[in-house]
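Now that you have both chains on their own, put them together as the hints suggest.
Each protein sequence line maps, in turn, to chains A and B.
Take 5 as the starting number for the first sequence in the working numbering and just add one per residue.
Take 28 as the starting number for the second sequence in the working numbering and just add one per residue.
Be a bit skeptical, because a hint or two may be false.
[Claimed, not checked] Distance windows between CB atoms, simulated: (1) B:Asp-73 - A:Ile-107: 55 to 61 Å; (2) A:Pro-114 - B:Ile-103: 50 to 56 Å; (3) A:Leu-153 - B:Lys-279: 36 to 42 Å; (4) B:Glu-180 - A:Leu-46: 18 to 24 Å.
Hint data in this document are derived by calculation from the structure and do not stem from the laboratory.
Even for Gly, the Cβ is constructed at its ideal location relative to N, Cα and C.
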Amino acid sequence: MKAIKKFIVKYLALILIALLWQGFVLAELFPRQLFPGLGEILLVFVELLATSDLWTNMGVTIYRILIGFLLAAIVGIPIGIQMSRSSFIDDLMQPIFTAGYPIPRVALYPIFVLLFGLGSGSKIFTIFLECIFPIVVSTYYGAKSVNHLYVWSGQNMGATDRKLFWKVFLPGTMPSIFTGFRIALPIGVVIAVLTEMISSNNGIGYFLVYLSATLSQSKVLAVVIFISLFGYGLDRLLLYVRNRYVYW
Amino acid sequence: MSCGSVMTRVVPVNKVEPKESAIKISNLRKVFERKGEEIEAIKGIDLDIKEGEFVSVVGPSGCGKSTFLHIVGGFIERTSGVVSVQGEEVGKPAPDRGMMFQESTLFPWRKVYDNVAWGLEAQKFPKADIKERVEYFLKLVGLWEFKDNLPSELSGGMKQRVSLARVLAFDPKVLLMDEPFGALDSQTRETMQVELQRIWSESKKSVIFVTHDIEEAVYLSDYVVVLTKRPSVVKEILKIELPRPREVSIRKSYDFIDYRNHIWDLLHEEENVKSIGGQSNAE
Ligand SMILES: Nc1ncnc2c1ncn2[C@@H]1O[C@H](COP(=O)(O)OP(=O)(O)O)[C@@H](O)[C@H]1O
Ligand SMILES: [Mg+2]
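Here chain B stands alone, though its shape is the one from the complex (with noise of 0.2 Å):
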């Protein structure tokens, strides 16, 4: 990420030289069409995310962060700007940038097993691979002996599990997650972003993982990048020197709530602008 000191990194690897970029965003721009009508859901975003960074994208409530998602994964276009994942401009979805939906996207006609097993034959991973993979991601979520169960007889939680085990299971370069806990409820949801604290360390991956729990951020992530109300710019983007791994009383550290503090008067700044009305927002 570049902004600011380079110097202070507590995140993952000890590295002298300046790390390389896995997603690079600039000038992103989208206008939404609809019946003429035009509405502009993203004015400016900047980004450059290094090689397994966790990045976590909050702002208000329809500013623009799924779509910001769904343009890096391909599967809306943007107006105008330039995507790049490790040097490459994305086009179309690819297996590259692992997608996590909002909501469950696990096929409802195909079994637990299945599910995960999609991508990989998709992808024409060979037969022995595919069992492997499947039975570590799986196991790796804990959800290995649910493998002949159909996604309705999972509960919300389990489902989130599956779709990580489903994601992580084809290798993507980079994870982009849609406020994969949102539904769930805040004891699963603690244990979840602990696990994907674990997967994701071990993992290296990058990840731009947007929500609107300002905890489960600062918790999670490298970086925290607020957006204002739509049309959306990036506000502000705070580095998180906590140090990893982070235990869950992290949360009751002073410095974590002074993150947390923060975060939330940036949101309540844009949320006021809503409220004072008429007024463009706050740059």
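Bound-form chain A, shown alone (with noise of 0.2 Å):
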């Protein structure tokens, strides 16, 4: 009883969105066509995951994620290290990254199809471009806020700069890491979706253009549950390393 209730509370936002969406389908406002009703919905998504469209488009898709991703954290997580701890890259890195981080950076997408073609390389630098900057800034503040005492004790023990380095410092911040690794993987996610749906002839999201484009609308909607899923899944396993490796 109490594990039903608690489902209940957890659930309660999307249950009520569904039940929202019903009563739409119900009032018939819209074509059955552009409005389908959620079993419909299921159905069609259950019968889509037998069909290696989605599949092959959707490993496409998460291939561009991750390297955009591992990318923007190789290169954010040095700089946001290093901007930490020298003023000199503090200073010539800050308005890049307080001035940057308003600017929709997709919007730069055009350029970067010029620059990097239409084919994987532009949709990676956008998601790079993207994910890096919630990685430096949480790296950077987690950085700044490594209790000294830590640093000081391990000093206190004779450990060598290298060793304060690698065995107090970094582990008093892959906490903060972490965090920024949480906003920017859903963000890896809507961008690369987004990208593929601008310009692409592959990709979860070039099939969602050309399911809206063969009026399936309850196929996208399927995809959108899809996508939606997959990016929980990501969260979730992300959540899952950090209590397994950074528990502290």
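Shown next, in the form of structure tokens:
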């Protein structure tokens, strides 16, 4: 009983949205074609899972997200850390990351297409650019707020600067780095789909556009549900890794 | 400690010749700068602590006790003056001056065992030696069975005991302790004091122990240094001539109470200076 109650509270918002949706459908405010019922969407969703179209396109998208995200992590973490450790680099980079944050970087996507072509390159670069901001900013503030007593303790115990960095400073920054990851990853998913929708001949975003063009609205919605489940799973995975390896 | 008669030393080993200085501090001054404003924390401290002595530092809160220890530890720079340990002027932090900070600095990402081993690894102790030492010191503070726990799984008192084991494990020449038992309940605190006295009397290390607890200072120390309020100078150095080893019940003795009352008076004089306002420190 308690478990059921907890389940309902946890998913109350989702349940309400579903009910609202179904209400619209029953009221027949819009043509069924454009506004299909949940039952139909679910049916189409199950059918879709058996098609190779979904999986090959999704594979391409996952590849772009992961590469873009990994590049952002590989470049972003050192930048954030260096900014926190050197006021010169801080002064140098700060404008990029404070003034640059509100810029809608997707708007520059056409330029990236020009630079990196219509294929994966332009998408990966846009994802990279969107993901690197939260990663740099979180790493920077995390590194800044590492308890200096930990560092002093390490020095007191005779650690070299190298050991201090890897064994005190970096572990102290890890929780914030993961916070950055958790902000960046869903952004990566959205940007991947978006750029693929704008111009592509593969990927889940392209697949969405294709389905829209064929007026298969229930399929479009099924794919949207699929993407959101995928994003949710990705976040859960990240959370699992964090709780397992960065438990402090 | 160079203050008055050295003839009737109660403390550690009986020696005829004057003992070696372990820690020597002269004309120590510290001025902080914050947003262009100067805050003089320490005006002038002189101390000469001999080998094996246990010296407590008490003083009004904010008078610069932590700052003092941080300077001796080499964590912050002094504005002027000299600090030397066994004849050598101190610079950067080093394992010869083992520090226990006011709050727990156990690394939360390492198990108890690995926290104690950390300094030994950093100093490249031989592997077998590390194992032996970690086990010895964790058993000494009674926490060997918690070796696989994370610091977050320990109580405040247990954390401080692990911190003590961690600093003892790498065998510093002197121990610097900043209100190590400040956050503990009175029961645990008393247990820790007894343990510390025992460990200290076995190890013969020189200790500077900062506390705001007068009884703790009297119970543990050979000397109690009373500081004035900020900017601090040494107000008085009291030699505590209570026989060792000291039982817990020594707190009830008249001698103990005399010491305590005297220090209490000194500290309250300092507080009153503040409440009169505008006046500088009584010296
Ligand atoms: N980094 C700092 N910058 C400026 N002022 C400081 C700094 N650290 C300590 N102080 C000041 O120096 C004085 C002494 O502080 P502290 O040594 O922590 O006192 P205590 O340990 O005796 O309570 C306080 O007035 C405090 O505000
Ligand atoms: Mg203090």
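Outcome of the hint check:
{"no.": "1", "hint": "B:Asp-73 - A:Ile-107: 55 to 61 Å", "result": "60 Å, holds"}
{"no.": "2", "hint": "A:Pro-114 - B:Ile-103: 50 to 56 Å", "result": "54 Å, holds"}
{"no.": "3", "hint": "A:Leu-153 - B:Lys-279: 36 to 42 Å", "result": "37 Å, holds"}
{"no.": "4", "hint": "B:Glu-180 - A:Leu-46: 18 to 24 Å", "result": "45 Å, violated"}
When held up to the earlier numbered hints, the structure conflicts with hint 4 and nothing else.
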